[in-house]
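Undergrad: Residue-level listing of the chains:
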Amino acid sequence: MSVIAGIDLGTTFSALAILNSIGKPQIVPNAEGERITPSAVFFDEEDTNVIRVGIEAINSRQLNPERSVRWIKRHMGDRKYKKSIDGKDWTPEEISSLILKKLKQDCSRDEGDINDVVISVPAHFDEVRRKATMDAGRLAGLNVIGIVNEPVAAALYYATTCEVTGRVLVYDLGGGTFDVTILDVQNKDINIVCSQGDHALGGIDFDQRILELFQQAYREKFNAELLVDDEARAKYEDEAEDLKKTLSRRPSAKKMLYGEAGSMRFEITREQFEEAIAPLITRADMLVEVTLQEAKCNPSDINKVLLVGGSTRIPTIRTRLEEKFGKAPEVAVNVDECVALGAAIHAGLTKMREDPSEIDSGIAGGLRDVKLKDVCNHSYGTICAPRDQETGQYVVQNSIILKKNTPLPCESTQRFFTMVDGQTELQVTITQGEDTDPDYVNKIATEIFELPPDRPANRPIKVTYSYDLNQRMHCTFQDEESGRVLEVNFCIGENGEMSEDNVAHKAAEMESFKVE
Amino acid sequence: MLEVGVVVVLAVIWLVYLRLTGSGMLIPRRRSTSGPLDRERFMCKIDRSQIDFNGSRVPGFVIKMRGQLRVPHNNCDTDVQAVAFDITEGQNNAHPVLSILPQWQMEDSPAFCLVAHNGKVPRKVSILANWVTIGSIPCSVLKFPRTGQRQLKFVISLLNRSNGKELLCTATTFPYDNREAGYIDLRESFQKVEGMIIHLAVAAAMEEEGASEKGLAVIREWIEAKDKTSENQDNQNPRLAVLEKAIQKAMQDDFDAEAACRSIAENASIVDRYNAIRLVLRVVAAEGNIDREQTDQLTLVAELLRIDKDKFRALAQKSLPINTHRIEDIRFLLGINETMPSEEIRRRLNDEYQKWNGRVTHPDIEIRTQADRMLGLIAEARNRFVEQGWKVTAAS
Numbered sequence: 048m049s050v051i052a053g054i055d056l057g058t059t060f061s062a063l064a065i066l067n068s069i070g071k072p073q074i075v076p077n078a079e080g081e082r083i084t085p086s087a088v089f090f091d092e093e094d095t096n097v098i099r100v101g102i103e104a105i106n107s108r109q110l111n112p113e114r115s116v117r118w119i120k121r122h123m124g125d126r127k128y129k130k131s132i133d134g135k136d137w138t139p140e141e142i143s144s145l146i147l148k149k150l151k152q153d154c155s156r157d158e159g160d161i162n163d164v165v166i167s168v169p170a171h172f173d174e175v176r177r178k179a180t181m182d183a184g185r186l187a188g189l190n191v192i193g194i195v196n197e198p199v200a201a202a203l204y205y206a207t208t209c210e211v212t213g214r215v216l217v218y219d220l221g222g223g224t225f226d227v228t229i230l231d232v233q234n235k236d237i238n239i240v241c242s243q244g245d246h247a248l249g250g251i252d253f254d255q256r257i258l259e260l261f262q263q264a265y266r267e268k269f270n271a272e273l274l275v276d277d278e279a280r281a282k283y284e285d286e287a288e289d290l291k292k293t294l295s296r297r298p299s300a301k302k303m304l305y306g307e308a309g310s311m312r313f314e315i316t317r318e319q320f321e322e323a324i325a326p327l328i329t330r331a332d333m334l335v336e337v338t339l340q341e342a343k344c345n346p347s348d349i350n351k352v353l354l355v356g357g358s359t360r361i362p363t364i365r366t367r368l369e370e371k372f373g374k375a376p377e378v379a380v381n382v383d384e385c386v387a388l389g390a391a392i393h394a395g396l397t398k399m400r401e402d403p404s405e406i407d408s409g410i411a412g413g414l415r416d417v418k419l420k421d422v423c424n425h426s427y428g429t430i431c432a433p434r435d436q437e438t439g440q441y442v443v444q445n446s447i448i449l450k451k452n453t454p455l456p457c458e459s460t461q462r463f464f465t466m467v468d469g470q471t472e473l474q475v476t477i478t479q480g481e482d483t484d485p486d487y488v489n490k491i492a493t494e495i496f497e498l499p500p501d502r503p504a505n506r507p508i509k510v511t512y513s514y515d516l517n518q519r520m521h522c523t524f525q526d527e528e529s530g531r532v533l534e535v536n537f538c539i540g541e542n543g544e545m546s547e548d549n550v551a552h553k554a555a556e557m558e559s560f561k562v563e
Numbered sequence: 015m016l017e018v019g020v021v022v023v024l025a026v027i028w029l030v031y032l033r034l035t036g037s038g039m040l041i042p043r044r045r046s047t048s049g050p051l052d053r054e055r056f057m058c059k060i061d062r063s064q065i066d067f068n069g070s071r072v073p074g075f076v077i078k079m080r081g082q083l084r085v086p087h088n089n090c091d092t093d094v095q096a097v098a099f100d101i102t103e104g105q106n107n108a109h110p111v112l113s114i115l116p117q118w119q120m121e122d123s124p125a126f127c128l129v130a131h132n133g134k135v136p137r138k139v140s141i142l143a144n145w146v147t148i149g150s151i152p153c154s155v156l157k158f159p160r161t162g163q164r165q166l167k168f169v170i171s172l173l174n175r176s177n178g179k180e181l182l183c184t185a186t187t188f189p190y191d192n193r194e195a196g197y198i199d200l201r202e203s204f205q206k207v208e209g210m211i212i213h214l215a216v217a218a219a220m221e222e223e224g225a226s227e228k229g230l231a232v233i234r235e236w237i238e239a240k241d242k243t244s245e246n247q248d249n250q251n252p253r254l255a256v257l258e259k260a261i262q263k264a265m266q267d268d269f270d271a272e273a274a275c276r277s278i279a280e281n282a283s284i285v286d287r288y289n290a291i292r293l294v295l296r297v298v299a300a301e302g303n304i305d306r307e308q309t310d311q312l313t314l315v316a317e318l319l320r321i322d323k324d325k326f327r328a329l330a331q332k333s334l335p336i337n338t339h340r341i342e343d344i345r346f347l348l349g350i351n352e353t354m355p356s357e358e359i360r361r362r363l364n365d366e367y368q369k370w371n372g373r374v375t376h377p378d379i380e381i382r383t384q385a386d387r388m389l390g391l392i393a394e395a396r397n398r399f400v401e402q403g404w405k406v407t408a409a410s
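Quick note, the sequences are listed as chains A and S, same order.
Quick note on numbering: my numbering labels position 149 of the first sequence as 196, and the sequence is numbered without any gaps.
Quick note on numbering: my numbering labels position 39 of the second sequence as 53, and the sequence is numbered without any gaps.
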């Protein structure tokens, strides 16, 4: 029996948890003895075969920022992002796979080989980013049996370890992303109601505000720039993060700023910091309200607010949540570890569902009562040309087929019609997003569906979208008259550079890189 | 001289006659007589009555003929053809009556033309003693040049089926009250509306020193696109002429944009009203660097054109992204103002937040950047207008 694990592949930190013999999740410390590992990579210039991951990468970063990578999660699925090191262009999936490889390697040392894993992703991650995350796992030599949303993983761990009943709001503000999820919990029975997320809001954005204050203060004092090169930027990004953490513990913090024009003492109070991050906090507030709106409930309907993610340590966030909900938010679980722990539980549940003979009886017994009902995290649609009700004209628009927050597994079918006589092909586009304007939705796949010739217009095309329990989407387009079917698969890029073959090929290539 | 005059008059009458009948293939007619001989003359008439059409009873024109049929030989196979004109403005200014259904159109134009097989005429001279129905056409299928009281002329011809040559021809005229807008009326109205849209767009392109070249380029592009899709290529020059006139008027400050908007709103279709606001937005966007005065004017133009507020905001947000604004005008970009109740502002801002938050992960960097700035603006607006609401909700 292989070890079942859950991995929180975070923007700033990552963690790995395994299920013990009675189905309880536990964090596996890394080789340095730490329970969480910085999601940082450094390509050693001395020994190019060695890639440093974690705290060593953080320590080396200021010396040579050109060869270091942090916050790669924000680029996940971005086909334009490349990090060029010694003639090789590293993709976000490859870089992420190095972090996963380090976690796997360190875990194997104490716990034996891990194979089956579930990796967590932000609830708002789209199909491309989910697929990219799974590919990163496979490049690291892991068997990724599923993907779980971070707030769902946190809630799973929370519900299975604490006595919880009622409606819970999970406030997950991590290093780079922010999710709000509302769920109903009855002992170990968990029903996700809805999730909303902000992809560009997290701890690094707060750090950025402090960095701006550094620059502003330095300019005022010396009329000169503080961040003159990448080294200086890397150094002060780390200093800003450090200062932010201090301000969560103390009412004020100090730093020395050393620039080319001279050095100065920088002091900042918690109030000044809160003022600087106010627009970001407002964004977070709005996401809470929008989520409540989506769940059709009031703050008073929420029985518990659960905090997840390192950025929830910022005092103003806790204060504001208490003001909003009339009760202090729960910090019953470790905000840095609960996602990995919940992901391990999710891995156990997935294994039990898909391959029950492969699971130890002790683990199966431990997870027996846990029931999870998740929802679809995005709206999925296709591009079509209906008549506008007001103008009567045909307008190209995005028509939603599978609606966000539909309980999983789910399936939805709609019928569309060909537009012109003799139409022999149909460009099918799968979209993700709520907008009706096609320019604003994410087109996650586009393919040509070939149709039989010599037919009049208005031939029916049945479009079926489904979403499985592993948070993956499937689409089929069927020409009803001929029975022809087109199944759409998702992969990154138009050229299918991460096709099945590609992943296998790259996984073999990645094996040659040593991580420490 | 008198003889010459008489010949000229006769020649003119003959030419008009040829023009109306569309052929010189008439056989010589007998002198017009009355009484029993009248029944031998080839004649037609139009009865107005209810007819069956697509399973319902609708008002229609029933075309009938009777009289003597002269054909080149016995058993000559024939067709009968009906065409129609509007001769209200005189025989010389006849306009065709159009059909909206292809089966009653001429081969190369939408002009009304009905052709029916008449069968074989048994002898060289045969007589249809009674009125025979050639065809029934629903009134709604025919389109007339103008609205109101019209004088219509139907021309009926007997054609040799073997070679299509006209053997006989007759015509009838009658008054008709057309309640629908005529096709010339529509074209004129369309041209008027289009002209006003051009004027409005030029007004939007005006800057202190004259018309913006980038703005005018957008208008020319719009005209070019219209010319390409226009059925009547003759419109090409008038559109450019309107543009020149509009520029002159705008330069002389002799253009009432509000009146033009009102007129467009009254005369234009909803599609044209949206076309107008889209063009104006494009013209303003071409120069960029939009100021408060322009956003106020655009809001007013949209109101006068009776454009739905939410749709206008969506159009404006798309055409004039936040980076084109000199000042980030919260009222214009987010559709809120200080007079709105705090709760409504909060609702609107939450809607806008949801919309732009969904765009912040868009693959296009321009949209991502715009979304990020819009989210910043929304947060700013919220802090300014509804920040107290965070606690109020808690209390509620």
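Some clues are possibly wrong.
Claimed, not checked - One side of the interface only, derived from the structure: several residues of chain A facing chain S at Cβ under 10 Å:
1) 481
2) 488
3) 559
Stated by the list, open to error - Straight-line Cα separation of at most 25 Å, DSS-like style, residue types lysine-lysine; simulated pairs:
4) S:134 <-> A:450
5) S:134 <-> S:206
6) A:418 <-> A:343
7) S:206 <-> S:263
8) S:167 <-> S:242
9) A:351 <-> A:451
10) A:302 <-> A:292
11) A:490 <-> S:332
12) A:490 <-> A:343
13) A:490 <-> S:369
14) A:302 <-> A:343
15) S:228 <-> A:451
16) A:343 <-> S:134
17) S:369 <-> A:451
18) A:490 <-> S:325
19) S:369 <-> A:450
20) S:228 <-> S:179
Note that these hints are calculated values from the structure, not bench results.
C-beta: ideal position from N, C-alpha, C; glycine also.
Undergrad: Determine for every hint whether it applies to the structure shown.
TA: Evaluation of the provided hints:
1. The beta carbon of residue 481 of chain A is positioned within 10 Å of a beta carbon in chain S (closest approach about 5 Å), and the interface hint is therefore held.
2. Interface restraint check: residue 488 of chain A against chain S, minimum CB-CB distance 8 Å, threshold 10 Å, status holds.
3. Below 10 Å, beta-carbon pairs count as interface contacts, and residue 559 of chain A has none with chain S, the closest being about 32 Å; its hint is therefore violated.
4. The suggested pairing of residue 134 of chain S with residue 450 of chain A is violated, with an alpha-carbon distance near 67 Å, which exceeds 25 Å.
5. Between residue 134 of chain S and residue 206 of chain S the CA atoms are separated by roughly 52 Å; this puts the pair beyond 25 Å, and the hint is violated.
6. As the CA atoms of residue 418 of chain A and residue 343 of chain A are separated by approximately 23 Å, the hinted pair is consistent with the 25 Å bound.
7. For the hint linking residue 206 of chain S to residue 263 of chain S, the alpha-carbon distance of about 16 Å falls within 25 Å, and the restraint holds.
8. For the proposed pair residue 167 of chain S and residue 242 of chain S, the alpha carbon gap of about 35 Å is over 25 Å, so the pair is violated.
9. In summary, the hint linking residue 351 of chain A to residue 451 of chain A is supported, as the alpha carbons are separated by about 24 Å, within the 25 Å threshold.
10. The hinted pair formed by residue 302 of chain A and residue 292 of chain A meets the criterion: a straight-line CA distance of about 13 Å does not exceed 25 Å.
11. In summary, the hint linking residue 490 of chain A to residue 332 of chain S is supported, as the alpha carbons are separated by about 18 Å, within the 25 Å threshold.
12. Of the pairs offered as hints, the one joining residue 490 of chain A and residue 343 of chain A is violated, with about 29 Å between alpha carbons and a cut-off of 25 Å exceeded.
13. For the suggested pair residue 490 of chain A and residue 369 of chain S, the alpha carbons sit about 16 Å apart, so the restraint of at most 25 Å is met.
14. At most 25 Å may separate the alpha-carbon atoms for a hinted pair to count; residue 302 of chain A and residue 343 of chain A exceed this at roughly 46 Å.
15. Restraint check: the Cα-Cα separation between residue 228 of chain S and residue 451 of chain A comes to about 42 Å, which exceeds 25 Å; the hinted pair is violated.
16. Under the criterion of a C-alpha separation no larger than 25 Å, the hint pairing residue 343 of chain A with residue 134 of chain S is inconsistent with the structure, at around 78 Å.
17. Between the alpha carbons of residue 369 of chain S and residue 451 of chain A the distance comes to roughly 14 Å, so the proposed pair stays at or under 25 Å and holds.
18. Distance hint between residue 490 of chain A and residue 325 of chain S is fulfilled; the C-alpha atoms sit about 23 Å from each other, no more than 25 Å.
19. Straight-line distance between C-alpha atoms of residue 369 of chain S and residue 450 of chain A comes to about 15 Å, which keeps the hinted pair within the 25 Å bound.
20. This hinted pair does not check out: residue 228 of chain S and residue 179 of chain S have alpha carbons roughly 58 Å apart, beyond 25 Å.
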